[in-house]
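A.B. asks: This is what each chain is made of:
Number of protein chains: 2
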Amino acid sequence: MFVLDSRLQQDTFVLGDLPLSRVLLSNDARYPWFILVPRREDVSEVFQLSAEDQQALWAEAALLGEVLKDAFKADKINIATLGNVVSQLHMHVIVRYRTDDAWPAPVWGRHPAKPYDEAQVAALREKLRSVMPRQYNSAEV
Amino acid sequence: MFVLDSRLQQDTFVLGDLPLSRVLLSNDARYPWFILVPRREDVSEVFQLSAEDQQALWAEAALLGEVLKDAFKADKINIATLGNVVSQLHMHVIVRYRTDDAWPAPVWGRHPAKPYDEAQVAALREKLRSVMPRQYNSAEV
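Protein chains in written order, with this note's numbering: chain B, 1 to 141; chain P, 1001 to 1141.
The hints are simulated quantities; they were obtained by calculation from the structure and are not laboratory data.
Note that the structure is a prediction, hence the values are computed from the model and not measured.
A virtual CB, placed ideally from N, CA and C, is assigned to each residue, including glycine.
Check each hint, because a few of them may be wrong.
[Stated by the list, open to error] Computed footprint of chain B on chain P; a stretch qualifies when at least three of its residues, placed anywhere within it, have a C-beta under 8 Å from a C-beta of chain B:
1. 1020 to 1030
2. 1071 to 1080
3. 1083 to 1093
4. 1096 to 1109
[Claimed, not checked] Computed far set for chain B versus chain P, every beta-carbon distance over 10 Å:
5. Val3
6. Leu8
7. Gln9
8. Arg30
9. Arg39
10. Glu118
11. Pro133
[Unchecked claim] So, partial list: chain B residues that the calculated Cβ filter (under 7 Å) puts toward chain P:
12. Gln54
13. Gly65
14. Glu66
15. Ala74
16. Lys76
17. Ile77
18. Leu82
19. Val85
20. Pro106
Please model the complete structure; the sequences and the hints are all you need to start from.
C.D. replies: Right, dumping it as structure tokens:
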């Protein structure tokens, strides 16, 4: 049974589910930073997924990236699967602005995370729900 | 006509071509660091590619990642499309070891690049040629 890695649980909020992936919000208010986690067990590299799941993951990442670019008026979208610290396969999809705290560097490890308050998380959950297509199921709060 | 971004030209060696992407070696000997550049004009976000090209790019990244994991006995493969500095769409596929200079952090901006010498580049070009499947065309030197 799929269980979200405990470190991801600790550092993120669950926003909802796409057909393959759980959609998380990274608890760092410096950047609109989302993470997709395919609900599959024992997978750490993208190429360990079935061919069908690989296509679905990439499609979900591209979908989320395109939706976020428009909804957040991003200057750039960063998409990455690293997994050096948390080995459970997860794909970062991050909204970047030329004015953000790390630009142009990648966000990882650049500055200490700035936690969200509850109202901000609720607003982001609702914002995502309002822009994502029908295959996205927003989590009940 | 597709032209490789001048900064990518400056900082990499061309190793060969896959059906969609040019395959580059980043000139940083700290990490076996490869970059795929879809041979398409005026594309900076992965979702700006056609649906067919998106599938091809992801498939090429997964293929390269899987081949490299085995050929280099990687502890982990990092795959990312950032594009904050060089906007021409390009996908990093990087071999990581727990003992490398940046681990577990991502490689970008962590340490100054350590340039390769010609013999090392030739050896890596040959190594990749020997492990990649038939749709990969190794560049003449």
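A.B. asks: Each of the hints needs a verdict: does it hold here or not?
C.D. replies: Quick rundown of the hints versus the structure:
By the rule of at least three residues with a Cβ nearer than 8 Å to a Cβ of chain B, the coverage given for the stretch 1020 to 1030 of chain P is violated, with 0 such residues. Residue count for the stretch 1071 to 1080 of chain P with a Cβ under 8 Å from a Cβ of chain B: 5. That meets the three needed, and the coverage hint holds. Residue count for the stretch 1083 to 1093 of chain P with a Cβ under 8 Å from a Cβ of chain B: 4. That meets the three needed, and the coverage hint holds. Proximity of the stretch 1096 to 1109 of chain P to chain B, defined as three or more residues with a beta carbon under 8 Å from a beta carbon of that chain, is established by the 7 residues found.
Here Val3 (chain B) stays apart from chain P, with its beta-carbon at least about 21 Å from theirs, past the 10 Å limit. Interface exclusion of Leu8 (chain B) from chain P stands, the closest Cβ pair being 15 Å apart, more than 10 Å. Under the 10 Å C-beta cut-off, the non-interface status given to Gln9 (chain B) relative to chain P holds; the minimum distance is some 19 Å. Residue placement check: Arg30 (chain B) keeps its beta carbon more than 10 Å from all beta carbons of chain P (closest about 15 Å).
Non-interface status of Arg39 (chain B) relative to chain P is upheld: no Cβ of that chain comes within 10 Å, the nearest being about 19 Å off. Every beta carbon of chain P lies more than 10 Å from that of Glu118 (chain B), the smallest distance being close to 30 Å; the non-interface claim holds. The Cβ of Pro133 (chain B) sits about 14 Å from the closest Cβ of chain P, beyond the 10 Å cut-off, so the non-interface label holds. The interface hint given for Gln54 (chain B) is met, as the beta carbon of that residue sits about 6 Å from the closest beta carbon of chain P, less than 7 Å.
Taking 7 Å as the C-beta contact cut-off toward chain P, the hint placing Gly65 (chain B) at the interface holds, the least distance being around 5 Å. For Glu66 (chain B), the interface hint holds, since its Cβ comes within 7 Å of a Cβ in chain P; the closest pair sits about 4 Å apart. A least Cβ separation of about 9 Å between Ala74 (chain B) and chain P goes past the 7 Å threshold, and the interface hint is therefore violated. Proximity of Lys76 (chain B) to chain P holds as hinted, the smallest CB-CB distance being about 6 Å (cut-off 7 Å).
Hint status for Ile77 (chain B) relative to chain P: holds, with the closest Cβ pair at about 6 Å, below 7 Å. With 7 Å as the threshold, the beta carbon of Leu82 (chain B) comes within range of chain P, its nearest partner Cβ sitting at about 5 Å, so the hint holds. With a cut of 7 Å, the hint placing Val85 (chain B) at the interface with chain P holds, because the nearest CB-to-CB distance is about 5 Å. Taking 7 Å as the C-beta cut-off, the interface hint given for Pro106 (chain B) holds, the closest approach to chain P being about 5 Å.
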